[in-house]
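Here the structure of chain V is known, so what remains is to put chain W in place on it, guided by the hints.
These protein sequence lines map, in sequence, to chains V and W. So that you can map any letter, position 109 of the first sequence is 109 in the numbering used here, and since no number is skipped, the others follow by simple counting. Just so we're on the same page, the numbering used here is the position in the second sequence counted from 1, plus 356.
In case anyone wonders, no lab produced these hints; they're calculated from the structure. This structure is a prediction, so every number in the text was calculated from the model and none was measured. Quick reminder that beta carbons are idealized off the backbone N, C-alpha and C, glycines included. Any given hint could be a false lead.
Unchecked claim - Heads up, incomplete: computed chain V residues facing chain W, CB under 10 Å, no partners named:
id	residue
1	N81
2	P189
3	G246
4	L255
5	M257
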Amino acid sequence: MTRPDNSSSPAAATETGRPGRGLLTAVDERLGLSALQYPVPEHANTLGWSLGGLTAASLVVLIATGLVLTQFFNPTPNMANPSVRTITTEVPLGGFVRGMHFWSAQAMYVLVILHLLRVFLTGSYKRPREANWLVGVGMFALVIGAIFTGTVIKWDQEGFEALAHNLEIANLLGGLGAWFSADFAQNLPIIVRLYVAHVAIIPGLILALLAVHFLLIKRHGISAEPATGATGPTAPFTHHLRRLAGLALIVVGVLGMLGVLLPPPIGPTPVDGIEITRPLWMFWWLFTLENWWGIPAILWGSVALFGLLAAVPFVDRRRARHWRERPVAVTAAAIVLLTMVGLTITMMLTSAVEHL
Amino acid sequence: MTHVHDATAARRLVVLLAAVLLTMLTLAPPAMAHGGEQSDEASVLVRQAIALIVSSPDDLGEIREKVEAAREAPDTTGVDLALVEQADAALTDGEDLAQVRALLERSIGAGAVTAPAPDEPEPGSATTPAATEGAGEPTGDMATGAEPGTTVIAEPLETRPRLDATDWLVLAGSILAGLAGVWLSLQYRPAREVTR
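In isolation and in its complexed conformation, chain W is listed as follows:
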């Protein structure tokens, strides 16, 4: 008898949970699918163009599209459009992408990233003020919500190993640990594996 009650109660609980879930999903606003809207802020579009140069430099069409969108954006706050136009011209002339990037960075006040003065710290490093605070923006601003929090686009850090003495030591230790593990697991394998 108790089992029957339990089963009924469990079924009701499942139905109730399903109903709550469905209601919440039904009331949810639709999520964006393929193809979001282009930003109307030139500074955002310039940053996107720089990010494309950093991450996918072969995608020239996409880079050009972002630069042109930045030129035509209704909100040009914080952007030197003359420099964006120079970058656009450099792109059209087939100039080096590093130069295009430098122009774009200067247009949003982040020019030190690709062309550091000799006494400036390495761009993108942990101690670089530009990398930590966001060049061209007031210092001390803390990003909130899902804001990226940086205006500087640091290069990806490739970590291809150039092994130094410590690395070799760690590697040797790892190999020894692995070999010790093989020996131990063979030593303590169950009798039926030994029989096989």
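Here chain V stands alone, though its shape is the one from the complex:
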């Protein structure tokens, strides 16, 4: 038995009374959009539970602005810095697009941390969602990688000093750091490989993990309210999307304002062998560690943070999900967070130091 083909029939529009509805019906028949109306808990529409979606919205802004920037950026040592200047000063709306890109990267970093914190505090990583927590931690690492490579490829003094640290850490890693070392492809400037990582490898991995992340959320469902353990009232997922669209518009609006009012600067063309700049604020906690214990501390600090994050679902295995019922886990997380904030503030109060 075959379904009647009413695709070209005006009946669809007549049935619903409005031509627009008819179009929607036609599109739905082909794309199955109504499948998005599956029920999700209503608490998914709150701000705290929308942080993951807002992180994804920042990624969309990053990709859109990044696509524009790739049309004008020249990823070679001689031309990278001048081409960023050209984008800023000569390309129509180039400064604004670069500003949006710069600020949306920072927004994504902040939002992914807030999202991780929300998931941690509501115990949403607990069985059976451990794998999805690890996927999220992986994406967090990739976001940091994207910010790092983006910093380097603008090829100013700050970026070049960040690269110098990268090379030292690659040496420290021995065989594991081979790809990150300049010797990996000796006939090619390392900026080209970092550019490829920035525009293809890292975003590709983020998108792949994002697909897995979404699939696992669909598989396990949105986690229940931690206080009651009950799902509570539900609403169609499309309601979550429209609420998210509203919140995402706020983020886009703020990013646009920042892009116009606080455009990112570009530093002087780089010189090897000096250290006179500070890294981006996201890396300040690591650089305080470096000031105290040298370059290996950057590596060990990063390994410790991501090791702790990865261990969370395997260490905290009790069923209790409300943060008040998990004093040890919450205290440990608070200590880690406060340590990072303290190290960041310490870096704010110190000037750039030579490490290399």
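This is chain W only, laid out in the frame that chain V set:
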């Protein structure tokens, strides 16, 4: 039974990975920590001095140190030492740093950067040959590995906004988008937030 095997296999995998990681780290050469070595090439030291003048002009001690190191460097290839000495003297006499920088740039063949002739393009701009190829070096050389690729030190580009009509338009659009977002998110907030 299968679960026990899985757990054992997982534990072995973790131990194996840890062992591989530790071995690779142990075999790695030590990384430089605080205080690297000074270059023995005068041209590198001159560029470093120029970079310090551009980025941290208040740090006169460091600038002087680099200039003096350049004067005494064993490898003076491509550097006019007489000009470096003039720059050193200018520093000692408390001359304007712009003049010191001009002397240093001329000493490595990058003199056009701070003192362009009227018909020359703006230094450091994207279309400036000096900025794109590296003054004083043969053209067509492509930097490899982690070489900076430029000998010219362009000034930082400050981007303090002087809003033109387009900027105002974009700003207004952003504000409107934000306000629309506020309206939409209030409109579609979950029932329990409305109840609160």
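Among the hints numbered above, which are violated by the structure, and what are their numbers in rising order? Structure breaks no hint.
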